[in-house]
Amino acid sequence: MRLRQRQRGSVDLRGAIGGIPGWRARLADADLSPGDRVVRGVLLVAAIIPVLTLLFLTAEMVQSAVPALVYAGGSFFTGQLFTFGNLYATGQTVSHGIHAPLGAAYGALPFIVGTLASSMIALAIALPVSVGAVLALVERVPRRLQPGLSVFLELLAGIPSVAYGFWGVLYFGPALAQHLYPVLSRLGVVLPFMRGPVGAGEGLLTTSLILAVMIVPIIAATTRELVRTVPILAKEGALALGMTPYETVRVVTLPFIRNGILAAAILGWARALGETMAVLMISGDFLNALPANVYSPFSTIAATIVDLLDSALTDPTGMAVHALAAIGLVLLVITLATNLVGRMIIRRVTTGVLPVGRGI
Amino acid sequence: MPPPLRRLRDGVFWSLCVAALLLVIAPALAIIGSLLQQAWPVLGLRLLTTTTAVNGLQNAILGTLVLCLGILVLAGPVGIAGGIYLAEFGPPRRASWLRLGSETLAGIPSIVVGYVAYLVLDEEMHWGYSLLAGILALSAIVLPYIVKTTEVALRQVPTTLREGASALGLPRVTTLRRVLLPPAIPGIASGLVVALAISVGETAPLLYTVGFSDRNPTPDLFQHPVGYLTYVVFLNATLPTQQEHQVAAAAGVLIVVILLVLIGAGRAIARRAARHAARMPV
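Chains as they are written, first to last, in my numbering: chain S, 87 to 446; chain Y, 20 to 301.
Computed, partial: chain S to chain Y, Cβ under 8 Å:
| no. | residue |
| --- | --- |
| 1 | V128 |
| 2 | T421 |
| 3 | L422 |
If you want the ones that stay clear, here's a sample from chain S, every Cβ over 10 Å from chain Y, calculated:
| no. | residue |
| --- | --- |
| 4 | G159 |
| 5 | F163 |
| 6 | F372 |
Simulated from the structure, these hints should not be mistaken for laboratory data.
Glycine residues also receive a C-beta, built at the ideal position from the N, C-alpha and C atoms.
One chain only, chain Y, in its complex shape:
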């Protein structure tokens, strides 16, 4: 048993650590609690059936989903392809440069992306407030994450599989498609989940690129502003009436619900990946 002074120091240290843990948990609970408390009176089907023009959220929900779909269609394939190149085809030196560029892109503040996208796409190219401009801006932000997770997922596939396929004389593309990609799919999917989580929560790159609209999104990529959930939180929080605050909170609650679904999906995928890895030859 250590002397009392050292035991006391130990006790104080761990109490502080537990206090720190509580300090981390408390804001998460407080934020969700405050959102739920504000949103409670307006939570209901009316949010889904009416637009923001009459304090519903239909157009914003659809807009957020359309933006997510755009990310999956645009950033998804590009990011996955880039990650495959870095993991399987890139000569080490070139790959390390490309990797550095991609990681640096991840560090660019989202407002800088939004600013440039607005000036170049909306203004110089006269797209106006445009869905495509918003998807491109968001893509620039999430692309590095998709590239990174794809590369990491492929690197975790054992080299023996590559050697075995090579010994069988399989072309590299066939090896990739039939041998390497299947076990890497859970990892790649979790990267897409992260990309979606970021897209659902971003505001700064969208404010000036897609604008905002009280109408439901249309298939028009250009000249048509689109509404999305985070904007409602931002705008309505600054509006004066209680009802507007409630709708802002409801939008926040919806974002958190989408987020929880995504976190859950991410965990399920990670569990599947772990099962896969356990079955894999070493």
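Only chain S is shown next, with the shape it has when bound in the complex:
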């Protein structure tokens, strides 16, 4: 404050305060007119709103989750049974001092496993496909075709998840179950989780494949920008040394963008973790057991919340709603952690203007 008054008095001081931290901002403050300050105040409020929203959402989830977490205790992370209990019974089950309907149990293990498994399989498929596709797009496709092909990436990013669900449940899933899965199940001889029965096309593998298609544009869009930042001289140098284009990619391009790809993969993974509607439509929506093989019906945290929220509201003790908040909180924590790590990496490797997030 005192500094600002001094600045106003004397221009010469401006050079002298160069070493003081934050001097630039304070100098900027000094020439604000009263009108400017009012506008700045209004803009500040707007800039704080996203942060307030974030804090509100997190606080609300934590607060709502606590009773169910206390009730379930350690069995929340180890139990496989997730039931709201008998909502019409007269008795109540009491656990750790919390009352819930008779027989209520909130074991979230199948949801947590389902969420992690489906999103990881999706990432394992989407990552090599996106990087390969981008390399082909940028290095191999004629330049004038590139914008046309890029439209597909934007389109994939924009197609709503319910449309993926529609396609998955009516076309893609049945086709896989008929043609691909019977072949895959022969691998069951060496890989036990590939063993049949293959079902009708709703389940873990179909969901993972759809999720992979959904996160490809996120990873690909970021990778495409990264590939374009690779210095052309280094690439030309590699070619001039007699390397094949593949060797150039391996020795120059990929090492240069490795961290960026990692960040893009993490952001894509975060998207797959939180995906709701497509999973709800294709997962087979199966509760209370871990998937037996890759074709098993299962469910994820996000899909379960949508699926059970309306019936949760009929619980007179209100614990069912808390239980959904508890699994939602797990999802929130995992997603926020992955997002933060991804954004930290991406900020380190770039100036932070890459199209990250939902990929459009």
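Fit chain Y to the supplied structure of chain S, relying on the hints for placement.
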């Protein structure tokens, strides 16, 4: 010429890459193809003139447009104002914290937003199924994108313009309005386009907040559920008859058409921005 083994490896690698590119393009074509194939028999004016009660889509189309309008009115100004603060007014340290908060908000799963909005707005505040609750939930999801694109658009305006305006003694707000915002407008607009594209495609945050209605949307912000296109796709895909599937597909086709229009608008805006940038002093 490299030896045959290395040439072979090169060939295999690039074939795999092209195969990957085809794997990316194929689903997009397959999804749109399957939507068109299902929707073909019912595509027609009847969709626009009747409501979902009799297998039309009028109420859902209007509902989606109303939600988009709500986003433009609510999230638009707040996001743009926030982005301006981060780019032009925020002290670096405070701005970086606010930026981190906004980016973290972008990472929150949409179902979590929908869940909290439902419990707090619809239940605790007794709004019922409410248009405003849906717009607020959607706003929380698209806000970070508007903030980000606005900030990036303003940062791309050359510093020399700010210095020139400052040397002329212009107040900061005048500088902003007359000097900095005009070249940034295409960038800001493309951010709004992204926000609209997200709004058109979202379902999870709307399911429990705006509910669904077979009637056309009303100006009532509270206690009145509103229909929207993605819900029709979701619900009708699980209904048994062919006709219901066809209407679901038709709704999907409409969403994709809206999306294509938005992508086209985004590209046109980006081209204008590029022309602007070319004319700008460095």
